[in-house]
Structure formats: structure tokens, C-alpha cells
Amino acid sequence: MANTRVLVVGAGIAGPVLAIFLKIKGYDPIVYERLPSPGESGLSFLLQPNGLRVLSLIPGLLEQIPGHSPDRMIHCSSLDGKEDILVDNDISPDTMRERFGFPLIGVRRAEFQRLLIDTAEKHGIEIKWGHQAIEFEQSEDAVEVTFANGIKDTASFVVGCDGLHSNTRIALFGKEKASFTGLAQFGGLSPTPPALQGKFALVNHYGNGRHMVSYPVAEDKHSWAITTRETEVKEDWKIQHIEQQNEIRGGPLSDWGFGAGDLVKTGQKIVKYGLYDRPELKSWFKGRIVLLGDAAHPTSPHLGQGANQAFEDIYHIMRLLKKYNPSASQLSTELLSQVFIDYQVLRLPRTSELVRRARQQGEARVIEGIDACRVRDEKIRTESHDDAARMAYYELLSGPFKNNEM
42 MANTRVLVVG AGIAGPVLAI FLKIKGYDPI VYERLPSPGE SGLSFLLQPN GLRVLSLIPG
102 LLEQIPGHSP DRMIHCSSLD GKEDILVDND ISPDTMRERF GFPLIGVRRA EFQRLLIDTA
162 EKHGIEIKWG HQAIEFEQSE DAVEVTFANG IKDTASFVVG CDGLHSNTRI ALFGKEKASF
222 TGLAQFGGLS PTPPALQGKF ALVNHYGNGR HMVSYPVAED KHSWAITTRE TEVKEDWKIQ
282 HIEQQNEIRG GPLSDWGFGA GDLVKTGQKI VKYGLYDRPE LKSWFKGRIV LLGDAAHPTS
342 PHLGQGANQA FEDIYHIMRL LKKYNPSASQ LSTELLSQVF IDYQVLRLPR TSELVRRARQ
402 QGEARVIEGI DACRVRDEKI RTESHDDAAR MAYYELLSGP FKNNEM
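Residue numbering for the sequence shown follows our numbering, starting at 42 and increasing by one per position.
Derived from the structure by calculation, the hints contain no laboratory data. Fair warning: this is a prediction, and the values are worked out from it, not measured in the lab.
Pairs of lysine-lysine residues, derived as DSS-like cross-links and limited to a Cα-Cα distance of at most 25 Å, are as follows:
(1) LYS420 to LYS123
(2) LYS193 to LYS216
(3) LYS306 to LYS240
(4) LYS310 to LYS275
(5) LYS363 to LYS327
(6) LYS310 to LYS240
(7) LYS66 to LYS169
(8) LYS64 to LYS443
(9) LYS64 to LYS169
(10) LYS363 to LYS64
(11) LYS163 to LYS64
(12) LYS163 to LYS66
(13) LYS364 to LYS443
DEER-style ranges, computed between Cβ atoms:
(14) ARG431 to SER180: 46 to 52 Å
(15) PRO232 to ARG415: 29 to 35 Å
(16) SER97 to SER378: 27 to 33 Å
(17) SER180 to THR307: 52 to 58 Å
For every residue, glycine included, the Cβ atom is placed at its ideal position computed from N, Cα and C.
Using the sequences provided together with the hints, build the complete structure.
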């Protein structure tokens, strides 16, 4: 009997990982991606222990991850020409492994995506590029997907892993209005500046009306992103024209202390994008189609949990498939609905809370006015000793399981 066919929409970060787990567990996944090939879009992100805990269940993957781990987490402030270190914590790989079992790893998105695609293909998973899903027609035991190029395919069920601008989400729940948060980000990749030579540090730089986060993604390269308040900016993540990049490199942020200004001055492939909110969904599935990752719960980047929460989604959906369908056989709509209901009952509250916390974090970081910034800085200093904040951080990084039930 043929294996249960699953159609995964999206070959970004979550899609290939889900497909690998499906293949390992006896399903027959196929991945469709609207882009013509793996791209260079996006800069980087931080793989955190909760995400790495899930990835560790794919044999041999962690050892191949291209990137670099920070040793310190430093919060520093530059106000009125005065530079001050607010917090300096040990987050070295040894320390993080002792606390959580896994380190932090800064990775360039394009390199990490290529690793995931290569790994998926080595598992015998087909990835079809240049296929934009536009229509989903459900029957009693299958879903037929139509792509913009006229091709159709059918599977037992469909998982939408197609990110922030998810066509699967639109097909299920209609087009929503995204509201601009008033915050924009721009960022790039830069050679490690003199101030950070030999210091593999994750640095939060705070200024008047701006915040920068930077971290190593290689021995000699840092990724950085600056959040500011601006009038509406497009949400397109496109690399700026050379004139716009030069304007950023030579602008006022190039004088920022603690190495932040040097990162700006030497920035490569600088992108700029607005941060938008979307309505919170009350459900993530209809019939045989379910959403996962940013397609289900898009978030602002201020907690660095976007990809990591997608991996938590994958763990739980796979755990529930094993619970309700251990033989990986064809599922009735009723049984599949039970998987999806349990999945969203567990994941919706957690991800909704993290979306809110990320939004609050962004607002709290980008404070305007010197006096208000000094209050912010003092709060950052004191929160590093706050037991409740520390426990919330430990709880976040300790997920999504202690004993693997997948």
C-alpha cells in the first residue's frame, strides 16, 4: 500500500524540516515552493535551545549547521555621548548546554535554508520550485491543490508552511489587513568590527529612539538589525539600492558606540522593512489543511523566536500524528481533525503570548527622549536580576519537550 501523501507548501525554513520528519515517520511528503529557486532573501536568525532541541531529532543535522555561537550577551546604552554597559551575561555554549542542553547559534538564513534543502533531498524528498499554490479543493479523503502555472496535485492533507505572506492562510481564511506597527527595521551583514574582535557577543545596543541587535554568524562576520520609529515602510525585505545603502552607512547611526557604528558603516546587502501586525487567528485549520509557523502566528522579531516556534509547531504536530496514527496510514477527516484540534489547543495560547511579548519588547526598546531612555536602561539593568523574568526565559528555552514523544 502506498504511503500517505502529504503536500507541504513552502520550502523556506519550516517546510523542509517538517518534510524530513514526515519522511522519517513513514509518510510520503512533497514540498512545493512559489520561488523559482533557493534565494538570498532574509539576513539571519538565532537558533535557540528550544528550536535546536527539535532539530536534534534529525540524525546528524546539528553537526552541519553553519554559524557561530556567542559567548556573552551584552546590553549597552549610548545616550548623549555617554556609553554604559547595562548587563553582561555568560551565554557561552558550555553554559547554555549545562542549563538547556543546547547552545545559541547565529546562522545566515540562506546558508541554513540550503542545508535543510540538501538534507531533505538526501532523505528522498522532492522539492518543486516555481509552484505558487492558489487554490485548494477538499474532498472526503484528499485535497487537490492548483498552482499558478496550471499544475495540480493531490494529497491526503496539506500543511501551509508558506510564511508571512501565506497563500494557504489566505485560501483558508481570506485576505487580512496588515497594520503597520510604527516600527521599521534595517539590517545587514558586516565584518566583525574592532570593538568586537575576539568577543563573540550577542549585543543589544540601546539609543534614543533606536535599538540594534547584533551577533556573530561566522568567525569574522556579524549580522545586525536596527529598529526605529518611522512613517510607514513596505514589508518586502528587499535589499536597498546602492544609494540607499550608502545613505544608511554614512548616516548618524555610523557614529554609534560599542562597535555598532562600525557595523553600519561596513554593512553589506542592507535591507529595510516595516513591521506589521496581523489579526490573531482563532483556528489554524479547515478540514484537511493546517497552518504552521509564520503562516499561523506571524510575529515581530524582537524575541528571535520565529523559526524556533515553527520547530516547536513541527514537534507537536508530528507527536500528535504518531499518537493518533502510529502506522502513518491514510487518515479519516475525523481523525485528522483530532490531530489538528489538539495541535492548536496546545500551540495557540503559547504562540499568541509570545507574539504579544515580542511586540511589547519592541515597543519597550525603542523609546524616545533622553529621560525616558534612562528609565528604560535602568529597567534593563534591574530586570537582569528579576527571578520571574529569568524563570520565563528558562521556561521558553526548555521547550517543547523533556522526553521525546515523537
